[in-house]
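Join these two chains into a complex; the hints should help.
Same order as they appear, the protein sequences are chains X and R.
Following the numbering used here, the numbering of the first sequence begins with 1 at its first residue and continues without gaps.
Following the numbering used here, the numbering of the second sequence begins with 1 at its first residue and continues without gaps.
Be aware that one or more of the hints could be misleading.
[Claimed, not checked] The list that follows gives simulated cross-link-like pairs (lysine to aspartate or glutamate, DMTMM-like), each with its CA atoms no further than 25 Å apart:
| # | chain 1 | residue 1 | chain 2 | residue 2 |
| --- | --- | --- | --- | --- |
| 1 | X | K85 | X | E42 |
| 2 | R | K79 | X | E49 |
| 3 | X | K68 | X | D145 |
| 4 | R | K58 | X | D133 |
| 5 | R | K5 | X | E42 |
| 6 | X | K68 | X | E3 |
[Unchecked claim] Taking CB as the label site, the calculated pair distances span:
| # | chain 1 | residue 1 | chain 2 | residue 2 | range |
| --- | --- | --- | --- | --- | --- |
| 7 | X | K85 | R | G88 | 49 to 59 Å |
| 8 | R | G88 | X | A161 | 44 to 54 Å |
| 9 | R | T104 | X | A8 | 51 to 61 Å |
| 10 | X | A161 | R | A96 | 20 to 30 Å |
| 11 | X | A12 | R | T165 | 32 to 42 Å |
| 12 | X | S56 | R | S144 | 52 to 62 Å |
| 13 | R | T171 | X | A8 | 29 to 39 Å |
| 14 | R | T89 | X | A131 | 46 to 56 Å |
| 15 | X | A161 | R | M3 | 12 to 22 Å |
| 16 | R | T165 | X | A8 | 43 to 53 Å |
| 17 | R | M3 | X | G13 | 53 to 63 Å |
| 18 | R | G62 | X | D39 | 17 to 27 Å |
| 19 | R | K79 | X | L58 | 41 to 51 Å |
[Stated by the list, open to error] Partial list, computed: chain X residues near chain R (C-beta under 10 Å):
| # | residue |
| --- | --- |
| 20 | E3 |
| 21 | I7 |
| 22 | V139 |
| 23 | D145 |
| 24 | A174 |
These are computed hints drawn from the structure, not numbers from a lab.
Just so it is clear, the structure is predicted and the values come from calculations on it, not from any experiment.
No residue lacks a Cβ here, since even glycine has one placed at the ideal position from N, Cα and C.
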Amino acid sequence: MNETELIAHARAGDDASFTRLVETYQTVVFNLCYRMLGDPAEAEDAAQETFLRAYSQLHRYDPNRPFKTWLLSIASHHCIDRLRKRRLTWLSLDESLEPHPALHEPSPGPEEASTRREQSAAIAAMLGRLAPDDRGMVVMRYWYDLSYEEIAGATGATVSAVKSRLHRARANLAAMLASRPEKPRQPARTVVTLG
Amino acid sequence: MTMPKPYSDMMQAAMDGELTPGQQAQFEQYLAESGEARAMWNALTEVDALLSAAPLAKPRPGFGKRFEARLAGQRSRVKTLWGTLALGTGTLMSAAALSLLVATYAFALTATGHAQQPSELLSMRVTQAAVAFADARALINALSISALALGEWGLMQPTMWLLATLGLGITAVWLYLIRKLSPEVTIS
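Same shape as in the complex, but just chain R (with noise of 0.2 Å):
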């Protein structure tokens, strides 16, 4: 249907109410002249009482429960995401922490000339525990003279500076991944 702009822009004025008196019986005129006009105008309020009497939808009971179901189970997810994150973070962390302790060890051990004393004593320390295996202070005192011995290695050591320094890495990020770990929030 074809119908002049003013009176098609008419009939959408009408149809929100917004016609003047003057613009009303204009509009009216032009109804009762145009058959094609009327046809259109009664479809239109037709269906805008189909519209305006159709009922709202209501969804199944207890939809609320099932949005604090869903948003659990959102975030149940988002805390698994972080959790892996977290893991394979500190995993990776680890792994390549332990693998510059190995590769720095290994470094010094040939590098440095004493390659001998390190093994020797590491083959005595091997060795007195064996055998003092039933004695527990001997064993403690292996342990302990074996600690002090690393600490003093290790603080003339860059390498164990840089790993405290990554140990400390470690644990901020750690420590950050834990703090995007939503808490768990019960809703009422």
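Same shape as in the complex, but just chain X (with noise of 0.2 Å):
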């Protein structure tokens, strides 16, 4: 069954095909949730606040968007209330975090590990210290390499000033990172094509 057949049986009262969706996004929603929030027990109870929502709104999905971007759209709202309610304390580079258990893989050596989670601090919390909305959009831009366009029907806002947030916002990481005084090693998978 695709997602197309899987969708349409959920809408029609089908809980195992929603539980196969929620199978397939439960990574995509608990990162983004992750990103978002910082915390892992938090970002696992706003994800499956966000599959309990968009299971009692599935009436409403528009079949024509892509299930994933509306997904996040979901899920993203769900973590800016959040942030807001709980007024986020901002996080200070020079705390350390402890990262996140799944991003611990037990694969590499001692050293890659050492580098991998002293990445995931430093994004941890440079995120951290963006504003929600922007927070978000990073993250849907470079996590889920969605288009513009796709961010702005995900979040609301304009094509604009999705651009222009996202500017914004890679400007303070740059910032934030050029202001570390050890900054993390550049990473072993990088494909960004520039220029």
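As structure tokens, this is what we get:
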């Protein structure tokens, strides 16, 4: 059964189909929540809540939109609400953050694992200092490779606002990275083509 | 760092790979001339590389099962809510109907001029019932007579019609509320 069929079955009340959708998109949604909230337990709760909301709002889903973008939209709005509610304490770049256990992969050697942890902590700390709206856009852009149009669709902002915010967010991140006493080493997987 | 807007826009476009060859050449020349712009560009590309290489954070195993449990819990809460609402509404309506019945009967006793007759009848029936406690046939007769008397009396009373309508209303509300209770669905 493909995704369209699963969605159609889920809309007709087939819970097993929706569970399969949950299993398909759990990492996508969880990652967004984790990157936005910075805490694995809260991210789990937010991801679960996202799927519950999606389940109850499934009749409103427009099949012409990508399901992933629709889910990310729900997750993003939910995380922004959470961040606003808890009045996020901005994380200091100097703070040592414990990365999510899923990011601790057993296969790499101690040095590589240490580098990854360092990078994860740096990313978490830097993302934590961005405004919630900007943070969501950065995650959608970099982790899911969404286009500006898709991000605009998911967040309700205009395309030009998305571009502007992303540029501002990148500039802020660059400034944070430059101000770090020890920059994280360049990751091995660098696939950015610029210019 | 302050950067002329055209170059700031150009840097943004360069990040997205949207520069034309002419713009690209112009941008590279600008980077070659401006140390600040070059530093900014290097920092941006570093951020870009760092974020692009960041792995997806995965939830703990069993996420789907935990979702199923949470969905079931939520449904249970909804059912409890509707059940409580149904029970509360039913209780209130029953109490209201009973109060109306008692009030109407009391009014009938005092206002119709037959105040003594029903009470005498009731007393007689109670006496009969007590005396004929061991006699099942007598008791059934007494009850039948009472039921007949009550039925005849009730047919002539608009209040009874009102109560019957009310009873139908309560039933309809119950049916509606019970329909609202979502059926148990197991998620495989």
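For each hint, the structure was consulted:
A threshold of 25 Å between alpha carbons decides the hint, and for K85 (chain X) with E42 (chain X) the separation of about 13 Å falls inside it, so the pair holds. Between K79 (chain R) and E49 (chain X) the alpha-carbon distance is near 19 Å, which keeps this suggested pair within the 25 Å criterion. For the given pair, K68 (chain X) sits about 12 Å from D145 (chain X) by alpha-carbon distance, which is consistent with the 25 Å threshold. Simply put, K58 (chain R) and D133 (chain X) have alpha-carbon atoms about 22 Å apart, close enough for the 25 Å limit, and the pair holds.
Restraint check for K5 (chain R) and E42 (chain X): not satisfied, since their Cα atoms lie roughly 40 Å apart, outside the 25 Å limit. Note on K68 (chain X) and E3 (chain X): the hinted pairing holds, with a Cα-Cα distance of about 10 Å set against a maximum of 25 Å. Hint check: K85 (chain X) to G88 (chain R), Cβ distance near 32 Å, so the stated range 49 to 59 Å is violated. As the Cβ distance of G88 (chain R) to A161 (chain X) is approximately 49 Å, the hint placing it in 44 to 54 Å holds.
Between T104 (chain R) and A8 (chain X) the C-beta distance comes to about 56 Å, which sits within the given range of 51 to 61 Å. Restraint check, A161 (chain X) to A96 (chain R): a C-beta distance of roughly 57 Å breaks the suggested window 20 to 30 Å. Our hint of 32 to 42 Å for A12 (chain X) and T165 (chain R) holds, since their Cβ atoms are close to 39 Å apart. One distance hint, 52 to 62 Å for the beta-carbon pair S56 (chain X) and S144 (chain R), holds here, with the actual separation near 56 Å.
Separated by about 37 Å at the C-beta atoms, T171 (chain R) and A8 (chain X) satisfy the suggested range of 29 to 39 Å. For the hinted restraint 46 to 56 Å between T89 (chain R) and A131 (chain X), the CB-CB distance of approximately 47 Å keeps it satisfied. A hinted range of 12 to 22 Å for the beta carbons of A161 (chain X) and M3 (chain R) is consistent with their spacing of about 20 Å. Against the hinted window of 43 to 53 Å, the Cβ-Cβ separation of T165 (chain R) and A8 (chain X) comes to about 45 Å, which satisfies the hint.
As the Cβ distance of M3 (chain R) to G13 (chain X) is approximately 56 Å, the hint placing it in 53 to 63 Å holds. A hinted range of 17 to 27 Å for the beta carbons of G62 (chain R) and D39 (chain X) is consistent with their spacing of about 19 Å. In this structure the supplied range 41 to 51 Å is violated for K79 (chain R) paired with L58 (chain X), their Cβ-Cβ distance being about 20 Å. Using the Cβ-Cβ criterion of 10 Å, the hint placing E3 (chain X) at the interface with chain R is not satisfied: the shortest such distance is roughly 16 Å.
Because the smallest distance between the Cβ of I7 (chain X) and any Cβ of chain R comes to about 16 Å, over 10 Å, the interface hint for this residue is violated. Interface restraint check: V139 (chain X) against chain R, minimum CB-CB distance 9 Å, threshold 10 Å, status holds. Interface hint at D145 (chain X): satisfied, since its Cβ lies 9 Å from the closest Cβ of chain R, which is below the 10 Å cut-off. Checking A174 (chain X) against chain R: minimum C-beta separation of about 4 Å stays under 10 Å; hint holds.
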